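Given the coordinates of chain L, assemble chains D, S and V onto it according to the supplied hints.
Protein chains: 4
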Amino acid sequence: MIVVMNSEAGDEAIERVVAQVKELGLSPQVIRGTHQTVVAAIGEERPGLLEALEPMTGVEKVLPIMDPYKRASRELRAEPTIVKTRGLEIGGKSIAMIAGPCSVENLEQIVSIAIRLKALGASALRGGAFKPRTSPYSFQGHKLEGLKMLAAARDATGLAIVTEVMAPEHVPMVAEYADVLQIGARNMQNYQLLQAVGESGKPALLKRGMSSTMDEFLLAAEYILDRGNPNVILCERGIRTFEDHTRFTLPLTTVPYLKQKTHLPVIVDPSHGTGKASLVAAMSKASIAAGADGLILEVHEDPKKAMSDGSQTITPAAFEQIMTDCRRIAEAVDRAL
Amino acid sequence: MIVVMNSEAGDEAIERVVAQVKELGLSPQVIRGTHQTVVAAIGEERPGLLEALEPMTGVEKVLPIMDPYKRASRELRAEPTIVKTRGLEIGGKSIAMIAGPCSVENLEQIVSIAIRLKALGASALRGGAFKPRTSPYSFQGHKLEGLKMLAAARDATGLAIVTEVMAPEHVPMVAEYADVLQIGARNMQNYQLLQAVGESGKPALLKRGMSSTMDEFLLAAEYILDRGNPNVILCERGIRTFEDHTRFTLPLTTVPYLKQKTHLPVIVDPSHGTGKASLVAAMSKASIAAGADGLILEVHEDPKKAMSDGSQTITPAAFEQIMTDCRRIAEAVDRAL
Amino acid sequence: MIVVMNSEAGDEAIERVVAQVKELGLSPQVIRGTHQTVVAAIGEERPGLLEALEPMTGVEKVLPIMDPYKRASRELRAEPTIVKTRGLEIGGKSIAMIAGPCSVENLEQIVSIAIRLKALGASALRGGAFKPRTSPYSFQGHKLEGLKMLAAARDATGLAIVTEVMAPEHVPMVAEYADVLQIGARNMQNYQLLQAVGESGKPALLKRGMSSTMDEFLLAAEYILDRGNPNVILCERGIRTFEDHTRFTLPLTTVPYLKQKTHLPVIVDPSHGTGKASLVAAMSKASIAAGADGLILEVHEDPKKAMSDGSQTITPAAFEQIMTDCRRIAEAVDRAL
Amino acid sequence: MIVVMNSEAGDEAIERVVAQVKELGLSPQVIRGTHQTVVAAIGEERPGLLEALEPMTGVEKVLPIMDPYKRASRELRAEPTIVKTRGLEIGGKSIAMIAGPCSVENLEQIVSIAIRLKALGASALRGGAFKPRTSPYSFQGHKLEGLKMLAAARDATGLAIVTEVMAPEHVPMVAEYADVLQIGARNMQNYQLLQAVGESGKPALLKRGMSSTMDEFLLAAEYILDRGNPNVILCERGIRTFEDHTRFTLPLTTVPYLKQKTHLPVIVDPSHGTGKASLVAAMSKASIAAGADGLILEVHEDPKKAMSDGSQTITPAAFEQIMTDCRRIAEAVDRAL
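Chains as they are written, first to last, in the working numbering: chain L, 6 to 342; chain D, 6 to 342; chain S, 6 to 342; chain V, 6 to 342.
Looking at chain L on its own, in the form it has when it is part of the complex (with noise of 0.2 angstroms):
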């Protein structure tokens, strides 16, 4: 921690700031300059220091030098960790497709698909059973019978079921029938909900917040983390900007900056990066030239008569594309597909 004095801050404000980087378990360090004095404080920076310095009189700001999370880092483990269940592997050298509608609609929407999307050569599939949704006047999915609609689908194709958990009492049911517990954008910061996916045991999919910082985003996992669950899958879905050509802004620098950061493995989902759905195979293929371990997209047999998210889902067609061409990017970064 470097606690910045103001230019007017006096011997006095100085040792008392002292005193209290002493009080807090840490060992400081004067450095006085002709303009300003600053105070190194060394020793492990947990939270809550930064609010006990910074309200001090004559502190102008208080600067932290070491990064927030620590599980989550790749200063504790540098090798990746890689993501198995059921069949899908995400952080080797394998691209995981994780391909399938926005919501499950009903029984034989989901087998075909499924069945479709295995032939086309998908790694897991997803779908919603319980849908967050911006207004209460939406369809907010079919719960516990879409939960067995998508069991069935894995019955018929082995592939493993990727579905989102929104409360923490649904944990329990839902990890019953899916294979990977997805955390949803929104629900990013909802600290209940991590704790008890980290404590399922299930690999978790945690979608980047819609205006979370990297540190936020690594700290949310440290939360599933903590709870003794390391297999935590990382995915970038598009931030908020002023842009508004598209639904969301999609940052592929998340990619290579987080593969610096930290083991886990990290995914995009250039459905909901981009809202269009011409302009996800672009993104796909970029994706993963950026480094991607994996994909996670929306494709409906008919997109126009989609219950949710119509308007970026692509069809099987579109996706039997994606798959040919992203096959060649992977290739050319050394990976599968």
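Hints are supplied without guarantee of correctness; some may be wrong.
When chains are identical, the list treats them as one kind, so a pair holds in a single copy or across two.
PhoX-like cross-link-like pairs, simulated, lysine-lysine; straight-line CA separation at most 20 angstroms [claimed, not checked]:
1) 27 to 309
2) 266 to 98
3) 266 to 75
4) 148 to 264
Rather than coming from a laboratory, the hints here were simulated on the basis of the structure. The structure displayed is predicted, hence computed values, not measured ones.
Structure of chains D, S and V alone, referenced to chain L:
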């Protein structure tokens, strides 16, 4: 709903859109321009319409024309909603001043600050028993014990208690002790929580999500209203933007905008909105001048010893000055404090 | 400057940083922690230091600790700068109300609105002769003819003229007619223009760029101050964020923040800041309550016939009401209007 | 143009809107719904229409339905524009790699790096003679001398020269030495500069402003095209958002979006877009996978000694690796490098 066809869309595509509009229960009207054709779809704009029309062949974009919320709308109810509970009144002529520490730390602290704030004219006591924290290693609140301390502070002062609830399963417990259930910014789209608060019947203080649009904010309120709870207080607490000199960007234009759109009361949180104690007074005055129905402020006897959010917390002396200054502003806009 | 070494940086890397710090004319101080080493580089923080240190081997990040601007800083000059020209005074006790149409349309229009505004108590007349327009097909202003019309309006009323200058080569021409040279948001970092205005000796009204940080804003002012022109008025006019219910997001916290950091006067433009006439009155009051030294407002006899920016333009009747309301707010913050 | 009337608008208000639409030369069509009436205004959507309709009594909002740019639009010209100059070709099958230092520092430096880059396969040489700098105290470039050094580097290698021009009055001078005139992000809406570059007849490399929408970006290109210069290269270089782990947010979705909307070539600047040398390689590959027609990269023999932007500058060795890696990606998308 206005469906804009692209310039190459032929008659067949237009006819399919017309048929789809009818099937959706809306009445279509085709407007042919020299460059483009537009299909107006007249009728109730329920969710799902956009998604059903946008992916169709030949459609360039779909423009909604009505507000998506209903119960929160001024069109449904012209007179302002006044939320009343245990001496606290928000939305009428008088401006509510909700004050207290970020976290409930111990019984002595919360009772003594409550007595002090009551003497200075506060309208209600805020204090966190459940604390949403970015890091799993930060202090998470005293939970049930904290609620009991808040109740003791209420007994000592008569001040209504405003405190945050973070998970649907905690709602009954928090509702037993609190007068107003606060939903934090990170939970603005935690729909299970919104519904549980809606069913509790207790007044709700709903904070704006840090990247929420006004439509999303009002639809989150709609989730509560839709469960039969009419007492929703909206709170602007700052949004996330590129600005780095404050913790968040506090967009006060929200206040007059919401007052035009909804009958619900609107308050402002200048503590989180700025993140800096030295900016709280000016933004408190500005909020009231902009038309806010109240403020919620973080006040602590010794901000640098606060267990959370010290940097943005003011002292009782600063609160006293804000009361004096805001009283003058309130009078200048024909309100009282 | 604080140079944070990464955890694997060895002694050799640290020594190279120490040597580089010395070569840059700063005095290094090494602080060894258990996890990381930090090198404090004490001395003048001129531009280029960060770039010279950050790419070095073993360096994780470099944290500047001083504000990059000098002449604009309150540390250099504690008393406020009051800009005075032809009856207009900004930065003192009195609040300046600069009003007028977006564009100068014709002689009759500008003279008659000037007379009307003068009667209503405006402090200066604004009006665009050179218009920066997003589209090349939009009305670009009457240029020299427009400047002459503004001069005629000044002759008729005695009001000081505030008008935009868009290119360095136009500065002499505009300076001949105007009392205050406005630099628009899109030109905030047009350095040739800033320098030319700095050399003109005329007071400058500098609008914040729509994605500028406070440091960039004050450094843009520094370009003008550095050319010997002390009369710079800073103007907050809204920033670009994800918000879509207003044209821009108007962050009034800028006002108290800048008043703490700089001696220069600070005004607000609620017309551009909101983009909606119905929100201008509330934000005018809020700006003054936040501590602004003045407002700049778009007023037109018939907004729907304005040649630009009609949506955010108010009528003279609305301006009259704003004068009345703002006078009350000004008194409530011990200012006058 | 779709004019949405508010729900209280009476017949009189609707008739006035109809009359105004006619007066503006458009043809009105009234669509009455149960809740709201909508007036469709069919015809050319020139600038100024929105402003003329939005302030009218009874109007809730006005929705444009056509793109505001014309010459840049794919609707006007379906085949791609290929910009060709001195061996550099952008927009065809081959991907252009523009590389060089941020600033031209001295003759020896620029000639030797040019020879090196030529040998590594670069398509053109970039280098700044005029440097836009946030601070007036930063190095501003060698100006005319810098241009002469660039010309010498061209003589030595045959590489086309790409360099920035910052003011309209410098255009003739810069055009004498450069092959492509770069317009920086801060000047994207410096309309005098755009027009001067348009009149120069030299190819223009237009960088996206850091908070520009796609419409604004294409309208800025339109300013150049409108002056008879068809050779405009669009460059995505990152936008300003809340993200703080990179210098800017690099939204690669811009690439496929622009390729759909315009016939102009689109390149990416991963150096500014990330601000970190360690992220440049991944984003270079991603850009090409997304469909970019080229890259512009900052390369310096010794990044830590660069006079500007050292943190994001790569070494020639890193550039060589990027060439190798990008060649593979280019082949995977049926392009060449």
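So, going through the hints one by one against the coordinates:
Taking CA atoms no more than 20 angstroms apart as the test, residue 27 paired with residue 309 passes between copies only; the shortest distance there is 15 angstroms, against 63 angstroms inside one copy. Taking the shortest Cα distances, residue 266 and residue 98 sit within 20 angstroms of each other inside one copy (19 angstroms), while across copies they are farther apart (36 angstroms). Within a single copy, residue 266 and residue 75 get their C-alpha atoms as close as 11 angstroms, which meets the 20 angstroms cut-off; across copies the closest is 37 angstroms, which misses it. In this homomeric assembly, residue 148 and residue 264 never come within 20 angstroms of each other (Cα to Cα): the closest approach is 34 angstroms inside a single copy and 37 angstroms across copies.
Of the numbered hints listed earlier, the single one contradicted by the structure is hint 4.
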